[in-house]
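Turn these sequences into a full structure, and let the hints steer you where they fit.
There are 2 protein chains.
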Amino acid sequence: MTDFRPQPGEIPSDATVPKVVVSRISLYLRELQRLEASGQQTISSSQLGTLLGFSDAQVRKDLGFFGQFGYPGVGYRCEELIHAMRDILGTNHAWPVVMVGVGNLGQALLGYRGFGRQNFSIEAAFDADPAKVGQTIQGLRIQHVDELPAVVKSKGIRLGMIVVPAVRAQEAADRLVAAGIEGIVNFAPVTLTLPAHVQSVSVDLAIELEQLSFAVTSKLAKAGAL
Amino acid sequence: MTDFRPQPGEIPSDATVPKVVVSRISLYLRELQRLEASGQQTISSSQLGTLLGFSDAQVRKDLGFFGQFGYPGVGYRCEELIHAMRDILGTNHAWPVVMVGVGNLGQALLGYRGFGRQNFSIEAAFDADPAKVGQTIQGLRIQHVDELPAVVKSKGIRLGMIVVPAVRAQEAADRLVAAGIEGIVNFAPVTLTLPAHVQSVSVDLAIELEQLSFAVTSKLAKAGAL
Chain B
1 MTDFRPQPGE
11 IPSDATVPKV
21 VVSRISLYLR
31 ELQRLEASGQ
41 QTISSSQLGT
51 LLGFSDAQVR
61 KDLGFFGQFG
71 YPGVGYRCEE
81 LIHAMRDILG
91 TNHAWPVVMV
101 GVGNLGQALL
111 GYRGFGRQNF
121 SIEAAFDADP
131 AKVGQTIQGL
141 RIQHVDELPA
151 VVKSKGIRLG
161 MIVVPAVRAQ
171 EAADRLVAAG
181 IEGIVNFAPV
191 TLTLPAHVQS
201 VSVDLAIELE
211 QLSFAVTSKL
221 AKAGAL
Chain F
1 MTDFRPQPGE
11 IPSDATVPKV
21 VVSRISLYLR
31 ELQRLEASGQ
41 QTISSSQLGT
51 LLGFSDAQVR
61 KDLGFFGQFG
71 YPGVGYRCEE
81 LIHAMRDILG
91 TNHAWPVVMV
101 GVGNLGQALL
111 GYRGFGRQNF
121 SIEAAFDADP
131 AKVGQTIQGL
141 RIQHVDELPA
151 VVKSKGIRLG
161 MIVVPAVRAQ
171 EAADRLVAAG
181 IEGIVNFAPV
191 TLTLPAHVQS
201 VSVDLAIELE
211 QLSFAVTSKL
221 AKAGAL
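Chains as they are written, first to last, in my numbering: chain B, 1 to 226; chain F, 1 to 226.
Worth double-checking, as some hints may not be accurate.
As the list makes no split between identical chains, a pair holds if one copy fits it or if it spans any two.
DSS-like cross-link-like pairs, simulated, lysine-lysine; straight-line CA separation at most 30 Å [said to hold, decoys possible]:
id : residue 1 : residue 2
1  : Lys155    : Lys132
2  : Lys61     : Lys132
3  : Lys219    : Lys132
4  : Lys61     : Lys19
5  : Lys19     : Lys222
6  : Lys19     : Lys132
7  : Lys132    : Lys153
8  : Lys222    : Lys153
9  : Lys155    : Lys219
10 : Lys222    : Lys155
11 : Lys222    : Lys61
12 : Lys219    : Lys153
13 : Lys222    : Lys132
14 : Lys155    : Lys19
It is worth saying that the hints were derived from the structure and are not from the lab.
Here you go:
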């Protein structure tokens with residue numbers, strides 16, 4: 001039996017929904033989760049847009065790709081919209097995930113609570129280093145990477161994370177693909193070569209610093225300090 | 001402390017440039033850096049858009065916020081546009097950065113080569129744990145967090161990263177603000193309360209998994225597996 005319980009419904013293909021819209025759905029969801037946690041029950045498109053720096057028209061257009069969610073005179077109901085966003089993203093059901101590479105970053109990710117909050121659970125972690133294999137970290141026993149195919153198959157896992165050094169990333173990707181993984185999050189700062197049927201996203205930890213340097217630079221320029 | 005007000009953990013929109021445009025500048029820059037590394041010298045707006053899933057009009061409009069960069073019949077010159085993007089983002093000069101918290105994630109970030117590539121350099125790392133203070137990690141001697149204000153002042157540092165557990169994040173933020181830091185990247189999964197003059201961005205490591213779950217869910221839906 002697999003953990004994967006697909007949600008039936010009208011999920012559009014990513015051929016019709018621009019990637020950038022999908023990434024904004026994640027941002028809307030985070031903001032709605034924060035609002036709900038603080039007790040807010042409804043929100044208008046313009047309030048939601050203001051919180052994220054988008055126009056209300058943008059918010060309505062983005063949500064419009066997926067259906068009708070608002071109520072006249074009420075706006076959006078936070079709880080309902082959260083559920084709808086998670087339906088869209090496919091995270092109303094739990095996603096088991098495998099991790100390859102259990103160095104410092106891998107160990108940090110094993111303890112990262114943000115994954116569980118969005119319904120991702122690291123079910124198995126692999127390393128090639130004999131000194132790491134067999135160790136228990138964050139409650140998970142590290143397995144040898146040779147065991148990857150059997151674990152992926154027996155647990156019906158579709159998603160994997162690559163957390164190895166850059167020089168090892170392609171090898172890890174090849175192993176994940178061979179094991180049948182369909183989606184890869186790559187934390188290594190290299191571009192992977194993958195077959196067309198495997199989806200991937202890369203994490204670039206410098207992006208946030210760049211956004212910040214823009215903000216600080218703009219502020220200094222406005223203040224005449226540059 | 002009455003000037004402190006809650007921030008949603010995001011950079012407020014610049015008066016003239018929407019935040020989402022700035023985030024796309026980072027994406028354009030990464031793609032251009034990859035192209036340049038592979039030897040490509042010029043690119044059209046439609047090629048650049050196709051690589052990232054945007055229209056050519058979107059690319060031209062985004063770049064248009066900052067000036068004129070293309071040449072008729074040639075497109076953009078990669079090297080020139082990279083330089084321009086970095087000018088916009090403020091990363092043609094090096095940014096020294098301080099880090100608070102040297103657990104697993106902190107140690108991983110100290111070794112992350114993606115920062116240096118975009119001109120960010122972690123100049124000092126702090127922890128409150130006596131067992132960590134004095135240790136040398138990735139060539140950097142970990143200092144006690146009490147030394148933060150003196151280091152920030154003497155090195156003229158404006159940017160900081162918070163890499164402590166969620167329960168310690170606000171205290172770390174208060175220390176950074178008191179030390180004079182103007183921009184904070186927050187890796188802890190909590191919303192910080194910051195004064196209005198301090199910019200911040202939050203890193204949410206689950207976003208990429210969400211984008212992937214959308215992609216895989218869409219693919220399954222298309223294949224009739226849902």
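message: Could you work out which of the previously given hints the structure breaks and list their numbers from low to high?
response: 2, 3, 6, 13
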